[in-house]
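Engineer: Protein chains in written order, with our numbering: chain S, 404 to 858; chain E, 404 to 858.
Where hints are given, some of them may not hold.
If several chains are the same, the list does not tell them apart, and a pair holds so long as it fits within one copy or across any two.
Unchecked claim - Restricting the straight-line Cα-Cα distance to at most 30 Å, the calculated cross-link-like pairs of lysine-lysine (DSS-like) are:
#, residue 1, residue 2
1, Lys410, Lys439
2, Lys769, Lys855
3, Lys415, Lys405
4, Lys658, Lys769
5, Lys816, Lys830
6, Lys769, Lys849
7, Lys415, Lys658
8, Lys830, Lys855
9, Lys765, Lys658
10, Lys415, Lys849
11, Lys849, Lys765
12, Lys769, Lys439
13, Lys855, Lys765
Hints in this document: simulated from the structure, not taken from any laboratory.
There are 2 protein chains.
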Amino acid sequence: MKSPLEKEVLTKVRPTDEEICQVCAVAARIIDEVDKSGLAEGMVVGSVARDTWVRGDRDLDIFMLFPPDLSREDLEHEGLALAYRVFTALGARAHEKYAEHPYLNATLEGLDVDLVPCYRVASGYEIRSAVDRTPFHTRYVKAHIGDYRDDVLLLKQFAISGGVYGSDQMTGGFSGYLCELLVIHYGGFHRVIQAASRWRPGTVIAVEAEGNREFHEPLIVIDPVDPGRNVAAALSLTRMADFVELCRGYLTAPKEAFFLSPAPPGITRDMVEDIIRDRGTALYALVFMTPPYIEEVVVPQLKRSEASLASLFTRHGFHLTRADSKMNGIRSMVLVELESGSAPRVRRHRGPPVWNLENAEKFLAKYLGPDASSVFAGPYNEEGVYIVEVPRAYTDAGSLLASPEVMGVGLGKHIRIALEGGWEVLKDEECVIPGFEEFVRDFLGKSSPLVKVIR
Amino acid sequence: MKSPLEKEVLTKVRPTDEEICQVCAVAARIIDEVDKSGLAEGMVVGSVARDTWVRGDRDLDIFMLFPPDLSREDLEHEGLALAYRVFTALGARAHEKYAEHPYLNATLEGLDVDLVPCYRVASGYEIRSAVDRTPFHTRYVKAHIGDYRDDVLLLKQFAISGGVYGSDQMTGGFSGYLCELLVIHYGGFHRVIQAASRWRPGTVIAVEAEGNREFHEPLIVIDPVDPGRNVAAALSLTRMADFVELCRGYLTAPKEAFFLSPAPPGITRDMVEDIIRDRGTALYALVFMTPPYIEEVVVPQLKRSEASLASLFTRHGFHLTRADSKMNGIRSMVLVELESGSAPRVRRHRGPPVWNLENAEKFLAKYLGPDASSVFAGPYNEEGVYIVEVPRAYTDAGSLLASPEVMGVGLGKHIRIALEGGWEVLKDEECVIPGFEEFVRDFLGKSSPLVKVIR
Chain S
404 MKSPLEKEVL TKVRPTDEEI CQVCAVAARI IDEVDKSGLA EGMVVGSVAR
454 DTWVRGDRDL DIFMLFPPDL SREDLEHEGL ALAYRVFTAL GARAHEKYAE
504 HPYLNATLEG LDVDLVPCYR VASGYEIRSA VDRTPFHTRY VKAHIGDYRD
554 DVLLLKQFAI SGGVYGSDQM TGGFSGYLCE LLVIHYGGFH RVIQAASRWR
604 PGTVIAVEAE GNREFHEPLI VIDPVDPGRN VAAALSLTRM ADFVELCRGY
654 LTAPKEAFFL SPAPPGITRD MVEDIIRDRG TALYALVFMT PPYIEEVVVP
704 QLKRSEASLA SLFTRHGFHL TRADSKMNGI RSMVLVELES GSAPRVRRHR
754 GPPVWNLENA EKFLAKYLGP DASSVFAGPY NEEGVYIVEV PRAYTDAGSL
804 LASPEVMGVG LGKHIRIALE GGWEVLKDEE CVIPGFEEFV RDFLGKSSPL
854 VKVIR
Chain E
404 MKSPLEKEVL TKVRPTDEEI CQVCAVAARI IDEVDKSGLA EGMVVGSVAR
454 DTWVRGDRDL DIFMLFPPDL SREDLEHEGL ALAYRVFTAL GARAHEKYAE
504 HPYLNATLEG LDVDLVPCYR VASGYEIRSA VDRTPFHTRY VKAHIGDYRD
554 DVLLLKQFAI SGGVYGSDQM TGGFSGYLCE LLVIHYGGFH RVIQAASRWR
604 PGTVIAVEAE GNREFHEPLI VIDPVDPGRN VAAALSLTRM ADFVELCRGY
654 LTAPKEAFFL SPAPPGITRD MVEDIIRDRG TALYALVFMT PPYIEEVVVP
704 QLKRSEASLA SLFTRHGFHL TRADSKMNGI RSMVLVELES GSAPRVRRHR
754 GPPVWNLENA EKFLAKYLGP DASSVFAGPY NEEGVYIVEV PRAYTDAGSL
804 LASPEVMGVG LGKHIRIALE GGWEVLKDEE CVIPGFEEFV RDFLGKSSPL
854 VKVIR
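With the rest of the complex left out, here is chain S:
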């Protein structure tokens, strides 16, 4: 039974007849093109095939099932060639993307279409590449979804609104297939919410058979079409906890904001200035041109750069409170909050153990000789290890972030190239620049999805 609230939400998230009509028409034309090639069989997969897509979802996934006697190399080659032919026939400009092997992506009538080659295999146990599994997922869901389509829509919308939907690296949340399996396993939206409110790390859900290997992720959902796979492998502990919290909150006091969160307030430079003054901290942003690659390529490098810059600050004696990063169309930003923008001039430098005669003598000679004039205190030993107190290179966090030290940390290839073109250092309220207002606001007022719904 759906509550009146849920029924109301469903009227807003079920795709419109117009949408359904359009998506089906585009899908049919693509399938026709694939089938008439005689090389492969077209199959709609994903939420469109399962009739579990929410209003406004513009993704259409179509697989081209090739005979399993094709070599892997031929599959890649023929698959791409056919996909190009199909899109060209339909007048769409396609570009290559990569999962385990290349596929094509194009925009057709405003829909984001993936055309993916895979093997037509007889069962989930015979899959050769990760994408071969997808048709089995579609068949499994279609066979078991029964009357739960609306439940899936509610759960997906609940996850989307709560910021926990999407199994991409950035989100680390719930995939559509995972939402579908949860609804099938527990028996509807309500039962998922009730069960999940009591989840703990290590919860195992065997939709069909038990898993045939050890899993170490926080949530383990054994794939019914492949018991060697955890459908929830991409779900991070943080995102899982966000979801558990949302479920508890919904059980306590359900409201529409759990599905359709109201637009958050805007933010201005003046507001940020006040917030920073209240917090008593210092905010720094490093801004640069986004490398001309897709999110799946750039985001992991951006995350790596964020971690490297955080270590750079720590290594130079600045105390970090939090860091985050954001890729935008044109520019990308690494945002860091420090307890203070300045560090003391004096720095403790650890030398060798006194017992290491050769290095101990070199160390002493250096700080008693050429570098003596710069020494604040020491050398002395603490538990047998030499310490000397010397000047710090950067006492201002902004100078560090503007220095060539930035190029010396692990950034990832494309971010490195982007930074070679220069970068900007922003401080405090300067960090509020077009395209990053929401990001800065959410960073400073960081709260869990449930807290946002309640406040």
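Given the coordinates of chain S, assemble chain E onto it according to the supplied hints.
Structural biologist: Just chain E now, with coordinates in the frame of chain S:
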């Protein structure tokens, strides 16, 4: 063979004939008093007995050897009674001190005299209390010291000048007996210095028999009169490294400063102001009346208070560079250097895991309800654990040090009582107060003994 430098040093550290004459006379009178009681036998122990005391040493240790059939209780009782009678007969005002059992201390003709009751046992294996060992030490050294008296004087003076002499808790250095054993074992001052320059933690020196148990101290010197004891047990790793470093420095470039360090420069408030400004840090002192107890009682409590105050700062978000403490006749000081005297207003507070339903709900209710207005950000979860960002109680280190929080940390009984009478908080150059000038100077310019000799 002694070098001309060492011969020169010896002329300055050998006790004068006058000193010898005076010490012997005082010792003889005490021994007489003990012997004529008929209850115990007097025995001079320590460096005076071994003829290894350095000029200006005012310590005279005399033991009263009681028959071993006396009960422990009777030994304590009769021992103290006899000691009081002896000192009274000589016109000295005595006061009780404690080692494993009580003994008397008095000042006689400017000498610091300990009169200690112990058992007359037949061998080191039969000792019943730690002090029973001392007569055996004296006998052992007398029997083996041979021509090495001058070597012991040099080593002791070397250790005194280098700040590594004394097995008390504060120093954690070399006892006189340890110096004597090292000279006997290695065969003279020079060989000690050569060997020690290559010591490493875990070095074992078996003067006679191998030890009969496992030792875990950095330097292990098996007591020739009790193989179950490590004579160097009190030596800390830091002090051992200081000594190793001094030995290396002496082998490289011997000079008089290794034995008789020149008086270090004085320090003024203006100088401290400049040093602190250069270092870019903040110095804080907590000053209070020294409890009316001996050093052995107060110093460990002071060290404990220092560690507790260091944790108090860390717990409240201040970053410590170093801390030290000093007991003086009238006042005592805990001195702390912080990276900054202020901490950001915002503080991360860790809550319960999201999975702990009961506590999670209480936590959320608190920060969404009554405490909501004070929340800067959050609650949110990090890897399943709640975080909330709330205001810090103390953003100024001086306010924290002046607050009642100080009475809430582990201080030790006597320091606690002293602080109940109030305390003073000093900042930066204010810390230079009479009686603590050297302490503040050595704190700020902390260097190893060798570095001090060389600079």
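Engineer: One pair to classify: Lys769 and Lys855, alpha carbons no more than 30 Å apart. Within, between, both, or neither?
Structural biologist: between (56 Å within a copy, 16 Å between copies)
Engineer: Is the C-alpha distance from Lys769 to Lys439 at most 30 Å within one copy, between copies, in both cases, or in neither?
Structural biologist: neither (79 Å within a copy, 64 Å between copies)
Engineer: Measure nothing new, just compare the shortest in-copy and cross-copy C-alpha distances for Lys415 and Lys405 to 30 Å and report within, between, both or neither.
Structural biologist: within (14 Å within a copy, 99 Å between copies)
Engineer: Is it within a copy, between copies, both, or neither that the alpha carbon of Lys658 lies no farther than 30 Å from that of Lys769?
Structural biologist: Intra 68 Å, inter 21 Å, cutoff 30 Å: inter-copy only.
Engineer: Is it within, between, both, or neither for Lys765 and Lys658, if the alpha carbons may be no more than 30 Å apart?
Structural biologist: Result: close only across copies, 21 Å inter versus 69 Å intra.
Engineer: Under a CA distance limit of 30 Å, which applies to Lys816 and Lys830: within one copy, between copies, both, or neither?
Structural biologist: within (26 Å within a copy, 49 Å between copies)
Engineer: Please work out whether the CA atoms of Lys849 and Lys765 approach to 30 Å or closer within one copy, between two copies, in both situations, or in neither?
Structural biologist: between (49 Å within a copy, 20 Å between copies)
Engineer: Evaluate Lys415 and Lys849 at a C-alpha cut-off of 30 Å and name the case that applies: within, between, both or neither.
Structural biologist: within (28 Å within a copy, 71 Å between copies)
Engineer: As a check of your reading, is Lys410 near Lys439 (CA-CA no more than 30 Å) within one copy, between copies, both or neither?
Structural biologist: Intra 42 Å, inter 108 Å, cutoff 30 Å: neither.
Engineer: With 30 Å as the alpha-carbon cut-off, assign the pair Lys769 and Lys849 to within, between, both or neither.
Structural biologist: between (47 Å within a copy, 17 Å between copies)
Engineer: First find the shortest C-alpha distance between Lys830 and Lys855 inside one copy, then the shortest across copies, and answer within, between, both or neither for a cut-off of 30 Å.
Structural biologist: This pair counts as within: shortest intra-copy Cα distance 27 Å, inter-copy 44 Å.
Engineer: Which holds for Lys855 with Lys765 at a C-alpha limit of 30 Å: within a copy, between copies, both or neither?
Structural biologist: Classified as between: cross-chain Cα gap 18 Å, same-chain 58 Å, threshold 30 Å.
Checked against the numbered hints given earlier, the structure breaks hints 1 and 12 and satisfies all the rest.
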